[in-house]
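Got two chains here, each in a separate frame; can you build the complex from them with the hints?
The lines below spell out each chain.
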Amino acid sequence: MKKYKHYVFALLGVSLLLAGCGNQTGKSSSNGALSSSAAEKVYVAPGEQDEYYAFLSGGYSGNLTVYGLPSGRMFKEIPVFSQFPTSGYGYSEETKPMLNTSFGFVPWDDAHHPDISQTNGELDGRWIFINGNNTPRIARISLSTFETEEIIEVPNSAGNHSSSFITENTEYVVAGTRFSVPVPQRDMPINEYKGNFKGALSFISVAPDNGRLNLEFQVLMPGFNYDLSHPGRGKSHGWFFFTTYNTEEANSLMEVNSSQNDKDFIAAINWKKIEEYVKNGGGTKMPANYAHNVYDEHTHTGTSTMKKEVLTVDPTEVPGAVFFLPTPKSPHGCDVDPTGQYIIGNGKLSADLTVHSFDKMIAAIEGEKFDGEAYGIPILKFEDVLAGTVKSGGLGPLHTEFDANGNAYTTFFISSEVVKWKLGTWEVIDRKPTFYSVGHLMIPGGNSRKPFGKYVVAMNKITKDRYLPTGPEMEHSAQIYDISGEKMELIYDFPTHGEPHYAAGCPAELLAPKSKKIYRLSENKHEFATISPNDARVERNGKEVHIYMSTIRSHFTPDNIEGIKVGDKVYFHITNHEQDFDVPHGFSIIGQNTSELLVMPGQTKTSIWEPKQVGVWPFYCTDFCSALHQEMQGYVRVSPANSNIELSWSLGE
Amino acid sequence: MKKASILMIVGPLFLLGLYAFPLWNIMLGAPQYPEPLGMNIHIDGIRDVNEFDLQNIDGLNHYIGMRKLPKPEEMWEFSTFPIIIGGMVFLGVLIGLLGYFKKVSYAWFIGWFVVMSILGVLGMYDFNAWMVDYGTNLDPNAIMKLSNPDGTPMSYKPPLFGHAKMLNFDVTSLPSTGAWMMFTGMMLILAAFFMGWKTTKKSKTL
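Note that the protein sequences, when read in sequence, are chains A and B.
Sequential numbering from 1 applies to the first sequence in our numbering.
Sequential numbering from 1 applies to the second sequence in our numbering.
Just so you know, these hints were derived from the structure itself, not from any lab.
Keep in mind that the hints are not guaranteed to be accurate.
A few chain B residues that face chain A, going by a derived Cβ cut-off under 7 Å, partial list only [stated by the list, open to error]:
hint, residue
1, Asn56
2, Gly59
3, Trp130
4, Ser203
Every residue gets a Cβ at the ideal spot worked out from N, C-alpha and C, and that includes glycine.
If we strip away everything but chain B, and leave its shape as in the complex, we get (with noise of 0.2 Å):
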């Protein structure tokens, strides 16, 4: 039970890596732009991946009447997301601790895994519903009004996961740094209530 709760504690701390990191990234590259443009969504805000490059996506997007890449103020996610994970790592470590000291069962070390997964799930929700709503919510006097084949309108929905083609750009939209480092922290939880549970197992039967 030693090990695990040290799991415990070590892997709430990779969700820090937030903090520094992006949690996901969308590149859009054309012929015309051979070196891509790029998004950094951060926790606490989007950024750009080379110098200006929010600027130049928002001035290729104002064709299509989308609307300005959000500022970190004009979207609460961006100011209670970091709340939320700083709290979840506290808690998380807290646990941690409890359960070194055998305060915990491993029980809970599962419970914070879980209540972080709904989170997660929650998050990613919320992202698609912003990125649906950026995507699909044109501005009616647009300079280009296009229609797909079967004659509904548009829409320039960026993928959640992977690659999609729109208009002339090729655009990735994939995990980063950031989320990558929660996937391993999230594991070594999950790993840390493996552990617990053996080793629980183990002694129960001994």
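So here's chain A without its partners, still in its complex pose (with noise of 0.2 Å):
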């Protein structure tokens, strides 16, 4: 890889340069800000809706937070990879189990970027996908409950940043490695990484009917750290994109190590090809251990099952599978254009943009020219595949995103800005600046065949100065531009929570209707759930007691409970006997280790207290649920361990 250093880059110099420039456009565009039709533009009135929703990857929350666009409004945050005590997810018995992993209880990861299911390559909104970066995983989350479904570990895999992408039918939800790693795990030097450490892409196919994720493959690559990837829509259909750095394969100071090479890699992943091998008997069984996950929506309850091995596929051994394509300076995002035909690398230490053609990819490989290859695998010249240069004047591009009319948008973390160019032309169009240094922008389905291009929404990494302070640590920053006409407009600034990566939107339309409004109660098949009052009751087996308990407003059923006794292991399983939009109730009690329960209509939720205490001790429903809600209380009486006092429950008497 050598050959690729004979470009040099006065990267300070010109930093300094464009910083410069970026300031004073700054400046004179946040005026037009003002305006007063940028206030029509992002108000929506009380009792209107939104147009689009937009789903922010939390980062390190875990999260993901749903927005509307273009009023910024948020209006839930979806409990994924971490703990949430307001609902109670990771803490209730039926959800702890969706935070199991190899390692155990997990009740946290960064999450990065969501994407939504598509059919044909357009946005279906049957469900959103997301990564856990840190504790590699996968996310199904429903986009008619609104919440996580199912959770898949992946194996093999460290630093899940190339995920989780899918494929234009959703056949697959691809999960690439950014750390590489020793496969399988073992002891050995850490300065022996250079030809040892491999790279894991993943591919995790969506059943059709019900969404349930498998690891069908994983592609065993090159120790390189594989940092984002977009599927090939349309004609490059079949295809799934990389972006590499530190093709050096260094292991220590990574700032400086592995940003030697000229240029790094996108990987072309032929994985149609890779999909038949694997069909034909090909790849290695390799033994494994990861969590799968799965939540029932009927049952309520979430099952966590260890799964023991993995279908790895050595690229080499797949001829016409996979690729290099030389890409200049440490590329980080890796986005496709609509038409599937251009494959843009945006190169974080450079001013330029790369654009790959995926016609010429296809003659160059079709011609088997090659420039040399890398650990067996063919590398493509760069002057064959290369489809143009956008000289953008911009410093630092991380992402680009798409409307329906041929343009681009691509955030300069460096500079700060969003720059607006023509596919095909390579002309800048316009530039608008970011407050501050933005990384991952999003237009509703821009990264699919048909974009909704009105609006573009820039996830900024620094806030300073755009809200009141509110001490060292503050929310990021997002901004809506408005990109209806040929300038971009800023028209709104609005706080996040976490820290967003990417982000995916919809039209409204797509998901309101369909969205549930309660739990059938006449549906719950929940082990320990209470479907009428009548079965309400308090049963025990030896330390192990069960209350068997139902809500409606206001009062528990039952309210009144005796025979507990200090050492007890009390199961409250709450059954919401509501049927009303908007009506859940919640559950907590004294001296509870865990969070509330917060139980929506129809939903059994189940919380474990251990009294530790003698005494009568209250519980009360946390949701304001309705006029007499401050009335919905009870009692246990918890007796000394010795004590004789018998089990008895009661509503009323």
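Structure (structure tokens):
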């Protein structure tokens, strides 16, 4: 790979120059945002609803937040990889299995890249997927309940970052490793990384009917860092593209040592070919240990299963399936335009964008015009696959999204701006500053065959002075630009939650009509559900006590319980009997060592309470459910461990 | 008289709509119920407008001590009305056929109309009586016991016809498809009577 070192770049000089430019443009156009038309564009009057849903990843919050566009109003935080005391997710007995991994219970992750399911390359609004970066996991979230339904751990991976992107018919959700590791994991010197570590690219199938995930195969690539990825679409459907950095295979002081090669690669993977290879018995089964956690909407319960095997594929054994496209300057974002023709490598240490041509890539592969190989994988000639270069004048391009009119929008982290440019001519049309240092951007459907190019949301890494200060720690800032005209217009700032990386958006009418209002009590198949208040009861099994309790405005059945003893393990199984939209009931009891439960209409949730002191202890509803919410309370009498008091329970006696 | 008799045969058939469509509809809207709760009153029972509406109406009514909405088996009306309507349809069609074959005169048409009208008024009276009972005969241990400005206990009888404001709810009570079909059928029978009367008069003068 030494041959790619011949471009020498005066990085520092250029960055100073461009930083100056960025500031100037920043001042001049931020005034434009104060115009009254911007206010009208984002104002969604009371009682009116937004035009688009936007799902912003929570980054280190581990969760996914739901916003409206153009108002920037936050609707919900969906717990995914992190415990969430607000609803009891990760605390209730039903949801604890969702956070199980091969490392045990991992109550947090770093959630990066949401992607909405597609059919024929267009958003279909069935599910949204998101990756956990730290302890590699992929989650599937239902877009009718807006709850996490499934989490699968990804073995042989570390820093699950080039994830969770889906193919155009949601055949696969793809997860690539940012940190290469020994595969299988073993005790070995770190400095023997080079040539020994592997980068696993995982293809997880999605069952079309119920969305169930299954890790079909892993391609074990050379030990580079697989940073981001996107699927081919249209003509390039069947391919997947991954940016790489650290093709140097450095293992220390990476910020210097992995920035030495002038060009790294975009890896082009023909997954259809590998799928066929695997279907014909190809690949090697390898022992593994990874968790597969599924939440059932009818039992309201998650179950965790450990999987023990994974099918690995050596890319050199599938001829014509994997190629490297040289791409300058440690490319970060890897984006494919709506036609599937252009693959954009956002060289993050560069001023320019490199655009590869799918047609040229195919021609080069067919002409077998290779420029050497890396670990047996053919490298295509840069000039043969290059469609064009966007001389942007910005610095530090990270990510690109698209509108429906052949325009692309790229974020520049270092020069803190969004640049609009034309596909095919590569000319820059407009540039607008962001406040400050933008990472990802999102256009609803902007990474599908059918973008809805009305707004772009820029998610910034630095907030500084945009809001009233709240001490050293602040939420990150996002910005909305109107992109319906030739020039972009900054129309709104709004704070986000956690650190949004990527986001996904779709028209409101795709999801709003099918959003569930309640769970049907008649379909509640929870093992410990109380379907009728007549079935409410308390059962003892040694030191375990199961309380089958129901709730309706505004009382618990039963609300007086006696015969509990110090040292018991008390399971409160709460079933909400409401069948009315937006009438949850909560449950909490003094000294509970977990969180409250927030139980939706028709749902059952369970909390464990281990009383440590004799006394009469109250419990109550935490959700203001009616005018008599304050009365929604009860008592548990806790007697000494050796007491003879019989179990009894009652309501209204 | 033939045309009149055909109308007399067709008219009662419109009453069959009561088996498929509600007779009456009561909707309850409130600030926290932007999509109002509703009940459809059929001749054989009270049903939801949207799923779980009855359950949710009962849930709200328990605050003010109203009884639960009756199940079909809890009111004799819901088993009797379908039989009465069926009987009247049968009788009406029979009268029409007999009129067609000139076995009975048009006077039977108005006879049927009068009987049906009396039954209808009785039905309305019964319905109203039930609503009075339902809205005023409250649980003495109700959670909320509200009074009118004059000190009398507040009652919650829904309007028989039209709109009323009850606490935070706007209640609208109106005839529904079944009733309108019945009304159309009755008008056809009235027309049958007039046609029968006119043609008979004509044939007499001729």
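Results for each hint:
{"no.": "1", "hint": "Asn56", "in the structure": "holds, 5 Å"}
{"no.": "2", "hint": "Gly59", "in the structure": "holds, 6 Å"}
{"no.": "3", "hint": "Trp130", "in the structure": "violated, 25 Å"}
{"no.": "4", "hint": "Ser203", "in the structure": "violated, 62 Å"}
Hint compliance for this structure: hints 3, 4 are not met, and every other hint is.
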